[in-house]
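Enquirer: In my numbering, the protein residues as written are 17 to 561.
Do not take every clue at face value.
Only pairs whose alpha carbons sit at most 20 Å apart, straight line, appear in this in silico DMTMM-like list of lysine to aspartate or glutamate [what the hints assert, rightly or not]: (1) K204 <-> E529; (2) K437 <-> D467; (3) K437 <-> D493.
Here are the simulated distance ranges between beta carbons [unchecked claim]: (4) P386 <-> M273: 40 to 48 Å; (5) Q435 <-> N203: 35 to 43 Å; (6) N114 <-> L331: 40 to 48 Å; (7) K221 <-> D499: 21 to 29 Å; (8) L331 <-> L231: 52 to 60 Å; (9) L490 <-> D238: 48 to 56 Å; (10) L52 <-> N384: 43 to 51 Å; (11) R218 <-> C352: 21 to 29 Å; (12) P157 <-> E341: 37 to 45 Å.
Since the hints were made in silico from the structure, they are not lab data.
All figures in this text were calculated on a predicted structure; none of them were measured in a lab.
Glycine included, every Cβ here is placed at the ideal spot set by N, Cα and C.
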Amino acid sequence: MVSLNRPKLHFMNQRLNTYNLKSTVQSYDLLRDIPLKTRQAYAESLLQIITGPKVLELGFGTGNVLIPMSHLAQDKNIVAVDQSPEMLARVEPHVAGNVQLISGSLTDLEGTFDAVHFKAILHCVDNPWEMITDMIQSVKPGGLIITSHEFSLTEDRIEQLFHYFAQQDSDVDFVFQRYFQLRQEINKPFQHREFPAGDSCRIVKHFESTGTCSLEQSIQPDDLRFERQITIQDILTCIRLGTFGVFYDGLTEMERMYLYAELQDICITSNIDIAKQRTMSCGFHINILKKHDAEPDIGEVHYLKEKRPGSDLPLRTQELLGGVESHTQPYQVQVCNKPYIVMPNVFSPKYFVNTEFYATLMAEVIRNQPDYTMLEIGSGTGIVSVEAALAGAEFVTAVDINSQAVVNTLMNANLHGVQNKLDSFESDTYAQVSSSNYHVIFYNTPFCYTDNQLQILEMSVADKGYQSVREYILHADRYLAPDGILFLGISYALSNFQLIANYLTQAGFTWAEVANTDQLGITSGPVYFSLIECSRISKDNPRKL
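With the hints as constraints, model all of the structure from the sequences given.
Expert: See the structure below:
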């Protein structure tokens, strides 16, 4: 037996407690119904992979995998965990064999398993990195971590379900676009997850980056392909019931009902047939990771986030800042295939890879809109602003709280001949910024949250009480043009993104990730950097660069 020795639901996002509602659970498979033949074939595929006797099924939901596997695997000891008591009550009468059902989370378990299987659960977790670490610890050396996602056509994210039909059914596309717009209007914009539902490829990369696992096999069996029939009414019902946790997130029951009623009315007035059957071609993509035989040093997984005693800054970040502080004279670096000057005591691209990443992306934004004006908060060396000016920006304003950084920005503007279209001055976020109507505002945010007082260089990587980040987001509307776009540079692993997301919601912005350094192969591991695009209007697709 598996013992329970810790509080339940330690990691689960309490805002997603819709999965504890009986009405939601009863309708959970309305858009997720999988034919029995496919469910059995999926279970058989897993059992061909899993050779050991101890199996953990994590987040079993309505039992689409667990139930057929329990009937086929009489020789296995299966422990199945889900945070929802209602899910457990629904599944319990249908399982067979040696199955122990637990209403709780991974932290409730002791012991290790030969294999762990999960599908589309990390988007429900407040701290997915801690859950990944716990998952690794729950598997024996040489054991398997099996993750999969259900795909449909070219789009894997349930958050952007309307893309399933965008090229073949304009009615479905229209309904979902209106859904996102309505959320914006009630100041509850849709929030994209660090691990979107169904994005198992990113999950695999993160498991591999720990150095404890490697990808053994990635398969899309033909016998796991099927077709599903759905209607717009099904979609609206799921929104009303909160069946999609990602659609429910952040909404009250009254707000869900309001959105449902508004969408119903929109369909009627637009003559959209909500009862029409739509065909969706589906399948499964299974990834099998193997844990290395040697016992891993789990501490290494969090090396980049480990903190030195007496400091809120991660150890690795402090070491990099030490490198910056070691320079007493100006020095030169190559960024974006150009020479740039770095002054002492200024955030340096020699030690932090995100400068070139953001400079490249922001230059591409400007290159697509050369008449744009841009404001950069926290310009540092000024490389991002200079690259934007070189890309054709009409004018760039670059500010920084560090007077040395202001000098550095002006030096690099003169070095590359853009001094007539770039101005830089000292300012704490917007304090000294008098102009408004910027088309683009960018801030490579100081990712670490701290309650401690900071030295000037530490302010490039940390923010006391997130005062600057909060100011940047909540007052951005005063400085943006009507069609202006706000950009943030963040690190999900090092930032308190939930707090940042709360500020964005409060300010009436919706957001999406444009790109990250992990996707582009610039970094690998738990710490990577992302560019987030924020807009006043509902924008469900990130800018394509």
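Enquirer: Take a look at whether the Cβ-Cβ distance between N114 and L331 falls inside 40 to 48 Å.
Expert: holds, 44 Å
Enquirer: Has the hinted range 35 to 43 Å been met by the Cβ atoms of Q435 and N203?
Expert: Distance hint for Q435, N203 holds at roughly 42 Å.
Enquirer: Should the hint that L331 and L231 are 52 to 60 Å apart at their CB atoms be regarded as holding?
Expert: About 29 Å separates the Cβ atoms of L331 and L231, which means 52 to 60 Å is violated.
Enquirer: Quick check: does the Cβ-Cβ distance between P157 and E341 fall within 37 to 45 Å?
Expert: holds, 41 Å
Enquirer: Hinted pair, alpha-carbon criterion (20 Å max): K437, D493. Please report holds or violated.
Expert: Not satisfied, since the Cα-Cα distance of roughly 23 Å exceeds 20 Å.
Enquirer: I want to verify a distance hint. Is the separation of the beta carbons of R218 and C352 within 21 to 29 Å?
Expert: Given range 21 to 29 Å: holds, Cβ gap about 26 Å.
Enquirer: Does D467 sit within 20 Å of K437, going by the straight-line distance between their CA atoms?
Expert: violated, 38 Å
Enquirer: Within 21 to 29 Å: is that where the Cβ-Cβ distance between K221 and D499 falls?
Expert: violated, 35 Å
Enquirer: A range of 48 to 56 Å was offered for this pair. Does it hold for the Cβ distance of L490 and D238?
Expert: Once the Cβ atoms are compared, 52 Å apart, the range 48 to 56 Å for D238 and L490 holds.
Enquirer: State, for the Cβ atoms of P386 and M273, whether the hinted interval 40 to 48 Å holds or is violated.
Expert: Distance hint for P386, M273 holds at roughly 46 Å.
Enquirer: Between L52 and N384, is the Cβ distance one that fits in 43 to 51 Å?
Expert: Distance hint for L52, N384 holds at roughly 49 Å.
Enquirer: Is it true that the CA of K204 sits at most 20 Å from the CA of E529?
Expert: holds, 18 Å
Of the numbered hints stated above, those contradicted by the structure are hints 2, 3, 7 and 8, listed in ascending order.
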